[in-house]
Amino acid sequence: MTLWLMAGLLFTPLAWAVLTLLTDFARGRLVTWGGILVQVLVSLGLWLTVARDGGFYYGLGGWDAPLGIELRVDGLAVTFVLLTAVVASACGWHAGIYIDPDKPWHRYFWPLFWFLWSGLNAVWLGDDLFNLYVGLELISLSAVGLVALGGKASALRASLRYLLAALLGSLAYLLGVALMYGQFGTLSIAGIASWLTEHPVPAGSGLALALMIAGLALKTALFPLHQWLPPAHGIAKSPVSALLSALVVKASFYIAARLWLELGEPLGNLVSAQLVGLLGSAAVVWGSWLACRQLQLKQVVAYSSVAQIGYLFLLFPLTYSVSESVSLQAQQGITLQVISHALAKAAMFLAAGNLILSVGSSRVDALAGVSRFLPFSLFSFGLAGVSLMSLPPSGGFAAKWLLLQASLESGQWWWVLVLLVGGLLSAAYVFRIFRASFLESPESDQFYHPARSLEVIPMILALLALGLGLVSEQVLSVMALPFEVEGSP
Amino acid sequence: MTLNAWLPVFALMTSLVAALVIFALPEKGYRLRTAVNLGAALVKLGLVVVMVWGVFRGVDYGVSFTMVPGVAFALKADALSMMFATLSAVLWLLTTVYAVGYLEDSPNRSRFFGFFSLCVASTMGIALAGNLFTFFLFYEMLTLSTYPLVVHRGTEKALKAGRTYLIYTLTGGAVLLLAIAWLHGVEGDLPFREGGHFIDADADIHLSLILIFILLVAGLGVKAAVFPLHGWLPQAMVAPAPVSALLHAVAVVKAGAFGIVRVVYNIYGIEASSLLGVLEPLAWLAAFTMLYGSVRALSQVALKRLLAFSTVSQVSYIILGVCLFGPVGAAGGLVHLLHQGIMKITLFFCAGNYAETLGIHRIDDMDGAGRRMPGTSLAFTIGAFGMIGVPPLAGFITKWTLGSGALAANMDWVIAVLVLSSLLNAAYFLPIVHRLWFREPNGSWPRERRWGRLETNAWLFWPPLLTAVMTVVVGVLASLPFSPLSWAELIVLREYSP
Amino acid sequence: MIWTLRTLFIAVVCLAFTGVLAASIWTIADKPSPVNLPQLLSENLDRSGVEHPVTAVLLNFRSYDTLLEIGVLVIAGIAGISMAKTATLEDPELRTSDSLLYALQRWFVPLMLVLAGYLLWAGSDRPGGAFQAGAVLAATGVLMRLGGIPMEFLRPGRLLRLGLALGFTVFLLVAVASAIGGEAFLAYPPGITKTLIVIIESVLTLSIAMVLLALFVSAPVNDAEDSEEGSSS
Amino acid sequence: MTAPLLYALVGAMLCGIGLFGLLRLSHLLRKLLAFNIMGSGVFLVMVGLPQHQGGQDPVPQALVLTGIVVAIAATALAIVLIRRYYHLSGMTSLEGETTSREGGPE
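Here the protein sequences line up with chains R, V, L and S, keeping their order. If you read the first sequence in our numbering, its first letter stands for residue 84, the second for the next number, and so on. If you read the second sequence in our numbering, its first letter stands for residue 60, the second for the next number, and so on. If you read the third sequence in our numbering, its first letter stands for residue 19, the second for the next number, and so on. If you read the fourth sequence in our numbering, its first letter stands for residue -19, the second for the next number, and so on.
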């Protein structure tokens, strides 16, 4: 059973990529919707399996680490697999209706979409440093392809910028992998971690971790390495933006977090942990501030991603040399933040796309008066905003609560200020959109209601983000499952 | 789980479901929307009445589950929450009736009533919250759902007021969250409990507790419009009259005041608060706000702004009452939660009627309006007299009880403040009453009204009269069981002898 | 002035980076690594079905890496041909009448094809393999294209897409088929490992050549027509 | 010092040079070349470092082969993008953009 679930997870996206490559857009859409169903079922199946039996290592091709590639199937990984299934299905469903099927180059949307998905699954489950690199590249290149698809010069510039940043990030990561392999002779994260628990830390190994995390931070667009993100996320088609902001940046963060949690205690140091946290805080403030100043709707949302990503990096200081309970709280908080941001941001981008479709302009001030038409998408946008502002009962709030607790308990009260100020700043940019929509202006008569199904999708995502806070205990409990270590090196 | 556990949830859901249904209804579905609105309000009132009876008999209503690791989402009905719940359920019904009339033929009604219902759902949640965490959850939801109501008119002025409102309340919310998170870090998850949790607190956490108390009051004080955090309230007056009525009489300011009551009684406990020495400064602040609001009200020219400053002053009565150590003063403060709600909603309904029917917004235009709209003006007069504290109206009961409580608590200066405040109340309300009845009309509205017809739309006419009658009734019958005063005494009894 | 300062700053940063990196390498090189992977590998080489250890690693022990790697290549190919929107890829400027090039072609194309075949075959016991062969094959295609020899299959039609996907598909099918046979994923059934690997290598060669060639010819020559949502308009 | 270690150290130098190029150069093709130089440096480190003491190690060799393919795919994609970008805008660098500067109005 597990075999089939793993196969479904890793190979059906690849198979669907090939299938959709051979068809045109309209048929590719049907094929994709079928594939989405399979993926959702498989992801759910694996999640249930892990929720029932606990996590395990899975050696691909019958070869265990360190010789072969091992996958780490634990609660966190399957939670993200499921999250990906939800968000990517929503984006795929939305894209099928949203994207113009008559443009010949749009047929390439589906294969790229499926490659992206397979890369994401590979990253969530990966436990092999080099395999993670290949997975990252799979994600980056398909994401760049999606941004550039059929674009004009500005889209190409954005995608080039994105590509160069992603490549530099990958190289830094790969250099770290090279050093790690040179030092430990294995590529398995679990192998390195277990060796480090029994032996003294060898000299010169901090740089490898630093390089990897720096490269991944660049790919995650941590301030001040964030400049590539807003143009790329802002200019892509809305379903693509949603995928990028919701999932793609999370993939590189996920690897960084995994590395830090497994290797950070022996190889890291306090200064760098605090520094990463500081950069995250700067991202929160600076990203929100710039989001307030953007004139384009999707740029607002894109800069908001920069800010929200900043929170994620508070994981580093909050898990370094603190008590077990604080570390757990911080991990839970960050996990919730990842999930709720993924859901909320996907909802927001999709809703923004619908709004742009409705008013025929991408500017914020073009929204004047649209509130009168009671656009469903505006409502979804607002509900997603509640989560971004981390107001209750959203998942964002639950995340913030846990992070507040972790900061207070570990005595690092300065992060408390960041969390509170960040919430207020995000309220500033979210309500800026609402302010525009509530303005009663005489000329706002033009309004086009997009198809209902386009509007329903962001609403579902937004409601999930909102409701996540109420069930966060249940969601987090899957992560805390015991992990079967047998078979680990 | 039994039905009892679910009653608070149902009470919460009535308005939540109503909100969702209303959002889904088309703008033109006027009848259906009104029916949903009134139906939900009536159902909610019924549920609340059942729970009041149950709480009186000592039934335990409550439901709770772990929401975030370490914290529970808890709904619970105790005597205090029923007081607030009753207030909002009764006044929601009346305000809905009023709003249906007030917004006749205006645009965006679907949006308005949707958020209006959400707002009431939040208020209900605040009333029924079983711990600070849950309280905060609904407290923020209230902020969000009132924003669209404040900016409802969509003018630049309204949007500016909305922004001010948000800046104040969201910042207050952030401070409150900090305080709650800190408190949680110190003591863990604290359910609201009669007598509080900190009576035997270690001396080494006293400083943290005092700091947390200050933060809590600062966070809650924004909504309660305690000086110097009151700035949003007069600006928010651009909202339509039913919103002002609801915001000022029931939802927002009361949520803040109610929160402070909860913190003092059910988190810290009155004795522990007194022991920590935090009550006295709070009492001084409340007293100052009482006087400050009244003084500012004196110089207002717009009727609704005057009422807003009057609210600033009146809400602090509640806080002052809470700070008086001793059962009598406490009852006085608590009962004002209800009394002020009833009186102030009357005044706002009347102000709305003047604006809607005669186009009066400024005080100097009110000359002689009493002849044109006697019913409304009668209601206004009763409300104003109540505010001043004329016996036997509701305001008198409050002030009398507060005064006795102050004496019992050996805080004689409070009497002076009460007297001074009443004089100031009279100083700004009596001239208006005088204008209404004894000046020649100078407005441009038609002088004579046609006989056989109400002075204004029936939907607008009856709610203020009804609340005016209530103002009289709760004053006259204050000593009967289930009167607000008796109920407040029941709460106090449970608090002081847990 | 600012330009120079900036350059200087970057230069100093890069130098420092190089220094730290070199120092780190120096330190690491001192100690033997705790896991002796080469030994483990040679112990298991028999079971891999290939004699050459690098090929064994690529196509057996770490075949998932290779599968994804081909995926990356296909992505690049897809993204490349999505840029080429012309129906015809005939580029008159490229059609040369240079007689020297013709002469070269006549000699080189067959030679290079043979070389590609040799590289592919050599992969099982010597350095070499699918990628090298594919690269040579692609170079042959480039040469042909420069010489103006029409290559119908490079039109962005189904044939090209099929070619792009071929190697990847076969690889994937083998992976799935092995599971149907009851093995773990990407585990080759014992006995026919060698055959399967040779098949995979051959189709991979074709696909790799196809992708590289497609990327070479996807010269974007027409204007984009799609409007963007986020761009200022 | 053995030959593999020398490779690794040269790789470190190439990394530095490539990084400098990536950060300093503005012409897109040069940036891309710089990326490839840095990539080569990384591959050299990857191959050189483990073989310094352990002797022949096929694993890093295989990894580098995979890495090269990935790098080639990325380079090819970048070139296609650069060509198309040049075709549409006539520009060869990302600088000089006035439309999407950070913070400024767009």
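For the record, the hints were derived by calculation from the structure and aren't laboratory data. Built from N, CA and C at the ideal position, the CB exists for glycine as well. One or more hints might be untrue.
[Stated by the list, open to error] Computed cross-link-like contacts, EDC-like style, restricted to lysine to aspartate or glutamate with a CA-CA straight-line distance of at most 20 Å:
no.	chain 1	residue 1	chain 2	residue 2
1	R	K186	S	E75
2	V	K219	R	E523
3	V	K216	R	D448
4	V	K216	R	E345
[Said to hold, decoys possible] Okay, the calculated bits of chain L under chain S, using three or more residues with CB under 8 Å as the criterion:
no.	region
5	40 to 54
6	177 to 190
[As the list claims (entries may be wrong)] Pulled from the structure, derived: some chain L residues nowhere near chain S, Cβ distances all over 10 Å:
no.	residue
7	R24
8	I28
9	M101
10	A121
11	L122
12	W125
13	F126
14	V127
15	L129
16	G209
17	K212
18	L214
19	V216
20	V221
21	I226
22	L230
Each hint, compared with the structure:
Note on R/K186 and S/E75: the hinted pairing is violated, with a Cα-Cα distance of about 30 Å set against a maximum of 20 Å. A C-alpha spacing of about 13 Å is found between V/K219 and R/E523, which places the hinted pair at or below 20 Å, so the restraint holds. Among the hinted pairs, V/K216 with R/D448 is consistent with the structure: their alpha-carbon atoms are about 17 Å apart, no more than 20 Å. For the hint linking V/K216 to R/E345, the alpha-carbon distance of about 55 Å lies beyond 20 Å, and the restraint is violated.
A count of 8 residues in the region 40 to 54 of chain L with a Cβ less than 8 Å from any Cβ of chain S is obtained; the coverage claim is therefore met, three being the minimum. Look at the region 177 to 190 of chain L against chain S: 0 of its residues bring a Cβ nearer than 8 Å to a Cβ of that chain, fewer than three, so the hint is violated. Taking the minimum C-beta to C-beta distance to chain S, about 8 Å, the non-interface status of L/R24 is violated against the 10 Å cut. Distance to chain S contradicts L/I28 as a non-interface residue, since its nearest Cβ pair spans about 5 Å, not more than 10 Å.
Annotated as non-interface, L/M101 brings its C-beta within 10 Å of a C-beta of chain S; the closest such distance is 5 Å. No beta-carbon of chain S is positioned within 10 Å of the beta-carbon of L/A121; the least distance is around 29 Å. The claim that L/L122 lies off the interface holds: its Cβ sits roughly 24 Å from the closest Cβ of chain S, which is beyond the 10 Å cut-off. Consistency note on L/W125: stated as away from chain S, and its beta-carbon is indeed over 10 Å from all of that chain's, at 27 Å minimum.
The beta carbon of L/F126 is kept farther than 10 Å from every beta carbon of chain S, the shortest such distance being approximately 22 Å. At roughly 22 Å, the least C-beta separation between L/V127 and chain S is larger than 10 Å, which holds for a residue marked as non-interface. Taking the minimum C-beta to C-beta distance to chain S, about 23 Å, the non-interface status of L/L129 holds against the 10 Å cut. For L/G209, the requirement that its beta carbon stay farther than 10 Å from each beta carbon of chain S is met, with the minimum near 24 Å.
With 10 Å as the threshold on Cβ separation, the claim that L/K212 sits away from chain S holds: the shortest Cβ distance comes to roughly 18 Å. At the 10 Å boundary, the C-beta of L/L214 stays outside the reach of chain S, the nearest C-beta of that chain being 18 Å off. For L/V216, the shortest C-beta to C-beta distance to chain S comes to about 18 Å, beyond the 10 Å cut-off, and the non-interface label holds. For L/V221, the shortest C-beta to C-beta distance to chain S comes to about 15 Å, beyond the 10 Å cut-off, and the non-interface label holds.
Remark: the non-interface label on L/I226 conflicts with the geometry, its nearest Cβ contact in chain S lying 8 Å away (cut-off 10 Å). Listed as a non-interface residue, L/L230 fails to keep its Cβ farther than 10 Å from every Cβ of chain S; the least gap is roughly 7 Å.
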